[in-house]
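Enquirer: Keeping their order, the protein sequence lines are chains A and B. Heads up: the first sequence at position 72 corresponds to 75 in my numbering, and the numbers run straight through without jumps. Heads up: the second sequence at position 19 corresponds to 22 in my numbering, and the numbers run straight through without jumps.
Calculated from the structure, these hints are not laboratory results. There's no promise every hint is true.
Pairs count within a copy or across copies, as identical chains cannot be separated in the list.
[To be verified] Here are the simulated lysine to any residue pairs, SDA-like style, with alpha carbons at most 20 Å apart:
1. Lys82 <-> His53
2. Lys82 <-> His11
3. Lys82 <-> Pro121
4. Lys82 <-> Leu14
5. Lys82 <-> Val92
6. Lys82 <-> Gly115
7. Lys82 <-> Ala16
8. Lys82 <-> Trp109
9. Lys82 <-> Ala125
10. Lys82 <-> Pro93
11. Lys82 <-> Gln22
12. Lys82 <-> Gln94
13. Lys82 <-> Glu51
There are 2 protein chains.
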Amino acid sequence: MSSAWTLHERLAADTVPVQDLALSRLLVMRDARFAWAILVPRVPDLTELHQLPAADRDQLMLEVTAVASVLAGLPGITKINHGALGNLVPQFHWHVVARHPGDAAWPGPVWGSGAAVPPDPAALEQLVAALATIGPA
Amino acid sequence: MSSAWTLHERLAADTVPVQDLALSRLLVMRDARFAWAILVPRVPDLTELHQLPAADRDQLMLEVTAVASVLAGLPGITKINHGALGNLVPQFHWHVVARHPGDAAWPGPVWGSGAAVPPDPAALEQLVAALATIGPA
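Take these sequences, add in the hints, and give me the full structure.
Expert: Here it is as structure tokens:
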């Protein structure tokens with residue numbers, strides 16, 4: 004029997020919520036260093052991308068690329084990084100991170116790269132507002 | 004005018020080819036530390052996931068998850084990591100990496116984690132053979 008879906012406590016602690024899309028809960032990381040979104044499909048017990056049915060996988064990609072397009076349009080951003088690791092937090096989640104040469108981890112990955120810097124509340128609110136425009140589809 | 008697609012020289016140097024799937028060239032990294040596949044859509048000038056038309060994106064996911072399922076079935080593997088970064092190699096490419104606690108980068112990402120270790124030829128051939136079973140679709 005599957006349990007009901009709830010957001011993993013570590014993801015809840017590290018992020019602020021933006022909105023629920025058709026499949027995923029959209030979050031942004033509390034980290035001033037990066038414009039960094041996370042999508043978590045609201046599917047109980049999901050740990051791996053290849054466990055998702057094809058229709059859900061395609062919907063996840065629709066949501067991931069909508070987020071990526073918004074982040075790619077932010078000032079100064081030249082690259083989008085995608086990742087789904089889950090080595091520490093087993094609940095399946097997808098990272099979309101806005102990057103540019105000279106950012107705090109460039110050209111390395113953001114994962115495992117130093118500690119988060121507490122965000123400026125106004126900047127965080129602006130990022131949430133930009134990602135809230137994607138709409139519920 | 005788009006140029007014809009060719010594999011980026013850095014990807015060519017770091018990998019061995021497995022096969023061409025419907026959309027992507029499937030490669031494996033020359034690195035004894037990880038069973039590590041890379042998929043490169045044969046689309047000229049592609050640098051970002053969100054630039055792919057939806058049909059190609061869904062096909063890429065079909066190919067990515069087929070690779071992930073094979074790697075997840077290898078002995079001792081407990082986690083699959085996915086990533087598309089492109090901070091160093093601009094040609095869009097997707098990493099699928101078989102992971103387990105105690106591997107050379109665990110629990111961190113493989114990207115930027117030390118130098119590749121030359122693979123044993125027989126082990127590399129075995130990995131190529133396992134991934135060659137996916138078939139051209």
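Enquirer: Give a verdict on every hint.
Expert: Going down the list of hints, with the structure as the test:
no.: 1; hint: Lys82 <-> His53; in the structure: between (26 Å within a copy, 11 Å between copies)
no.: 2; hint: Lys82 <-> His11; in the structure: between (28 Å within a copy, 18 Å between copies)
no.: 3; hint: Lys82 <-> Pro121; in the structure: neither (23 Å within a copy, 30 Å between copies)
no.: 4; hint: Lys82 <-> Leu14; in the structure: between (24 Å within a copy, 18 Å between copies)
no.: 5; hint: Lys82 <-> Val92; in the structure: between (25 Å within a copy, 11 Å between copies)
no.: 6; hint: Lys82 <-> Gly115; in the structure: both (19 Å within a copy, 17 Å between copies)
no.: 7; hint: Lys82 <-> Ala16; in the structure: neither (27 Å within a copy, 23 Å between copies)
no.: 8; hint: Lys82 <-> Trp109; in the structure: within (11 Å within a copy, 26 Å between copies)
no.: 9; hint: Lys82 <-> Ala125; in the structure: neither (24 Å within a copy, 37 Å between copies)
no.: 10; hint: Lys82 <-> Pro93; in the structure: between (27 Å within a copy, 9 Å between copies)
no.: 11; hint: Lys82 <-> Gln22; in the structure: neither (24 Å within a copy, 28 Å between copies)
no.: 12; hint: Lys82 <-> Gln94; in the structure: between (26 Å within a copy, 12 Å between copies)
no.: 13; hint: Lys82 <-> Glu51; in the structure: between (25 Å within a copy, 8 Å between copies)
Hint compliance for this structure: hints 3, 7, 9 and 11 are not met, and every other hint is.
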